[in-house]
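Peer 1: First residue of the sequence shown: 1, per full-length UniProt numbering; consecutive thereafter.
Just so you know, these hints were derived from the structure itself, not from any lab.
Certain hints may be false.
Stated by the list, open to error - Here are the simulated BS3-like cross-link-like pairs (lysine-lysine), alpha carbons at most 30 Å apart as the crow flies:
#  : residue 1 : residue 2
1  : Lys-97    : Lys-46
2  : Lys-122   : Lys-33
3  : Lys-160   : Lys-97
4  : Lys-160   : Lys-122
5  : Lys-33    : Lys-51
6  : Lys-97    : Lys-122
7  : Lys-46    : Lys-33
8  : Lys-21    : Lys-122
9  : Lys-46    : Lys-122
10 : Lys-160   : Lys-46
11 : Lys-21    : Lys-160
Unchecked claim - Here are the in silico distance ranges between beta carbons for each label pair:
#  : residue 1 : residue 2 : range
12 : Thr-111   : Asn-162   : 40 to 50 Å
13 : Asp-49    : Lys-160   : 20 to 30 Å
14 : Arg-53    : Ile-7     : 13 to 23 Å
15 : Ser-78    : Gly-137   : 11 to 21 Å
16 : Asp-99    : Asp-74    : 22 to 32 Å
17 : Ser-124   : Asn-162   : 22 to 32 Å
18 : Asp-74    : Pro-163   : 39 to 49 Å
Remember, predicted model here, so these are calculated numbers, not experimental data.
Just so you know, even glycine gets a beta-carbon here, dropped at the ideal spot from N, CA and C.
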Amino acid sequence: MIDKDIIRNYIGCMAVNTSMKALDFQARSLIAKESINRICESAGLKTQDKKRRIDRRIAGMLGDTPNMEHAGVDALLSITTSYLTLTMIESGEILAKHDLPNISFASGGDTDTLDFAAYVAKDSRYERACFVLECEGGRAQEVITTIGQAFELRFNEFLKRNPMTSERYT
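Please model the entire structure based on the sequences and the hints provided.
Peer 2: Dropping the structure here:
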């Protein structure tokens, strides 16, 4: 069982208007990176690059404007094999809680946004959105790796509970 708490700066989220299941890895990565760029620009953490080329297909899959409610708050990111939770440190209020099966993708930024991690999840509050965290000191990869480990451990737990199914995966 993984149970990891990491303090991060919550930046915001961006609506994702399409199912991630239908997209290949490259399209998913582009959605995460474009969300990171737009949210960072809205938060004033990155200057808008007017020369940056945006794939129109990807742009059409995202909402018009980022949701910047609670932008910049310190948040505790808790990752387990059951869920991922973002909790505001100062108030203890839960920003978002996503069951692992409702998380469809996690990724880091591109070369000028390496200190940011993003994940796409569905819930009743935001519907489907890409959530962006600032992870200073090159810790974005740690967040992404930990989310990946949670999925792997959850899958291994599933195989232990369902031995007949595990034969198909070994």
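Peer 1: For each hint, tell me whether it holds in the structure or not.
Peer 2: Okay, the hints, checked on the actual structure:
no.	hint	verdict
1	Lys-97 / Lys-46	holds (27 Å)
2	Lys-122 / Lys-33	holds (18 Å)
3	Lys-160 / Lys-97	holds (26 Å)
4	Lys-160 / Lys-122	holds (27 Å)
5	Lys-33 / Lys-51	holds (16 Å)
6	Lys-97 / Lys-122	holds (10 Å)
7	Lys-46 / Lys-33	holds (13 Å)
8	Lys-21 / Lys-122	holds (12 Å)
9	Lys-46 / Lys-122	holds (27 Å)
10	Lys-160 / Lys-46	violated (45 Å)
11	Lys-21 / Lys-160	holds (26 Å)
12	Thr-111 / Asn-162: 40 to 50 Å	holds (42 Å)
13	Asp-49 / Lys-160: 20 to 30 Å	violated (48 Å)
14	Arg-53 / Ile-7: 13 to 23 Å	violated (35 Å)
15	Ser-78 / Gly-137: 11 to 21 Å	holds (20 Å)
16	Asp-99 / Asp-74: 22 to 32 Å	holds (24 Å)
17	Ser-124 / Asn-162: 22 to 32 Å	holds (28 Å)
18	Asp-74 / Pro-163: 39 to 49 Å	holds (43 Å)
Checked against the numbered hints above, the structure breaks hints 10, 13 and 14 and satisfies the rest.
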